[in-house]
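Visitor: In case you want the letters, here they are:
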Amino acid sequence: MAQDKLLKIHNLHKSYGDLEIFKGLTLSMDRGDRLVIIGPSGGGKSTLLRIVMGLEDIVGGDIYMDGKPYILRDGAKTKIDRKLQARVGMVFQHYTLFPHLDILRNLTLAPVKTRGMSRAEAEEKAMGLLTRFGLDAKARAYPSQLSGGQKQRVAIARALMLDPDLLLFDEVTSALDPELVAEVEAVMMELAEAGMPMMIVTHDMHFARNIASRVVFAAGGVVVEDGPPEQVLDAPQVARTREFVERVFAKKR
Amino acid sequence: MSYDLQFFYVWQNLDKLGQGLVVSLELTGLANLIGLTLGFGVALLLRAKSALLRAPAAAMVEVFRCTPVLVQVVWFFYCVPILFNLFIDPMVMGVLALGVNLAAFNAEGYRAAIQSVPREQYDACAALGLTGWTRIRHVILPHALRAALPVLMTNGITIFQQSALVALVAIPDLMYAGKMLATETYRPIETYTVVAAIYFAISAPVSLIVQRIEARFDRVQA
Numbered sequence: 001m002a003q004d005k006l007l008k009i010h011n012l013h014k015s016y017g018d019l020e021i022f023k024g025l026t027l028s029m030d031r032g033d034r035l036v037i038i039g040p041s042g043g044g045k046s047t048l049l050r051i052v053m054g055l056e057d058i059v060g061g062d063i064y065m066d067g068k069p070y071i072l073r074d075g076a077k078t079k080i081d082r083k084l085q086a087r088v089g090m091v092f093q094h095y096t097l098f099p100h101l102d103i104l105r106n107l108t109l110a111p112v113k114t115r116g117m118s119r120a121e122a123e124e125k126a127m128g129l130l131t132r133f134g135l136d137a138k139a140r141a142y143p144s145q146l147s148g149g150q151k152q153r154v155a156i157a158r159a160l161m162l163d164p165d166l167l168l169f170d171e172v173t174s175a176l177d178p179e180l181v182a183e184v185e186a187v188m189m190e191l192a193e194a195g196m197p198m199m200i201v202t203h204d205m206h207f208a209r210n211i212a213s214r215v216v217f218a219a220g221g222v223v224v225e226d227g228p229p230e231q232v233l234d235a236p237q238v239a240r241t242r243e244f245v246e247r248v249f250a251k252k253r
Numbered sequence: 001m002s003y004d005l006q007f008f009y010v011w012q013n014l015d016k017l018g019q020g021l022v023v024s025l026e027l028t029g030l031a032n033l034i035g036l037t038l039g040f041g042v043a044l045l046l047r048a049k050s051a052l053l054r055a056p057a058a059a060m061v062e063v064f065r066c067t068p069v070l071v072q073v074v075w076f077f078y079c080v081p082i083l084f085n086l087f088i089d090p091m092v093m094g095v096l097a098l099g100v101n102l103a104a105f106n107a108e109g110y111r112a113a114i115q116s117v118p119r120e121q122y123d124a125c126a127a128l129g130l131t132g133w134t135r136i137r138h139v140i141l142p143h144a145l146r147a148a149l150p151v152l153m154t155n156g157i158t159i160f161q162q163s164a165l166v167a168l169v170a171i172p173d174l175m176y177a178g179k180m181l182a183t184e185t186y187r188p189i190e191t192y193t194v195v196a197a198i199y200f201a202i203s204a205p206v207s208l209i210v211q212r213i214e215a216r217f218d219r220v221q222a
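Protein sequences, first through last, are from chains A and B. What the first sequence shows, in UniProt numbering, is residues 1 to 253, in sequence order. What the second sequence shows, in UniProt numbering, is residues 1 to 222, in sequence order.
The hints are simulated quantities; they were obtained by calculation from the structure and are not laboratory data. Careful: at least some of the hints might be erroneous.
Take a look, some chain A residues computed to stay more than 12 Å from chain B by CB distance [unchecked claim]: (1) P40; (2) D66; (3) D170; (4) M196.
Okay, derived cross-link-like pairs now, SDA-like style, lysine to any residue, Cα gap no bigger than 20 Å in a straight line [stated by the list, open to error]: (5) K77(A) - T134(B); (6) K113(A) - T131(B); (7) K16(B) - I189(B); (8) K79(A) - K16(B); (9) K83(A) - T134(B); (10) K113(A) - I189(B); (11) K23(A) - G221(A).
All C-beta atoms, glycine included, are put in the ideal place defined by N, C-alpha and C.
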């Protein structure tokens, strides 16, 4: 058990109609890993996270968590182990807070309803997280009263309420005004330092370099290159990666 | 024009119009009770997976939306007793006619509102393990009901105005009281003006509230 990978994606196939997104993608991550996934747009980066979250059907392949089958293709159906799914958390590009609930209730709803946590216990934990992220003064505010950066930090706190073993970040700063990006990235860096396993899709290469323990370049439905950021971003081994990275960095300048 | 407006007789008989108004409000209240509950049930049927459930609900909505309310009221009054061989109190009949009509319109409002809940909210629920009834009760419904509120209120107050049609089948509502008063006093202009003013005085504030709510929702999109 000890050497079982936290997550192991094996020969993943996925398509939308005739459009093939993944053609046998294989990827695994350890408990200490912070994976940043880069690649051309439309290459299925977000889809990969959605699959790992259990939000999408797959066409073929299987995903294991801690060596246990998590997502499998079984005949015509995608089978998802709900117990293992509960150990994964996700933060979305557009925050997706519940607009009718205040911040505190946004955080406590799931633990109270799905984990049988008492209201008082959940609120204490929520206040702890909000304080840690500098949002305790907003506990009784509604999402519409918050800035994008604050909303996204709340969304991260909401995911943390369920103590995930793996946290997925799907372009969480893409919808933010530039001056609000830093506060969200700071929270993610803090989680990284605390050892939270993460899988991140981002367009911010600078941030990718800072937070990643491994960078995965996915294109054409498979993993093209996978290695430490110094390799994939600075000295890519595969021509296709080099081309992509050069293009992205050229655009920045 | 040399017509001499004389509101005196109307003021003198304002209590009669008041009694009519009470009946109109009763009709409206009870019709809304049916409209809000039955309408919700029909909306759920409209979203059912099985076509066997969906088809009759869709048929009902279309029938009521595509025929004049006046015809519906008259049909309820004259055809239901004959077809089903039962006589029901006219007031009950009026409530049923207006209520079922409102249910059809509200069902459409509810359905559109449920549809308007963004897909991302479902994703967020799935990521947090919120499923089944918990998801409906705590996320989807609150979301949808807020979206539906302006439509439901508009439909509800429209039924107050439509309720004037039941005067035709001798339910003593505001319009009926007005008709009686106009004949009695030979003062149709004054009487119907006052009657119209009463309908307006009740409807306009509701319409204003709806506008306020909509403006608020526009600001509050999270």
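Visitor: Report the numbers of all earlier hints that the structure fails to satisfy, in ascending order.
Guide: Numbers 3, 5, 8, 10, in rising order.
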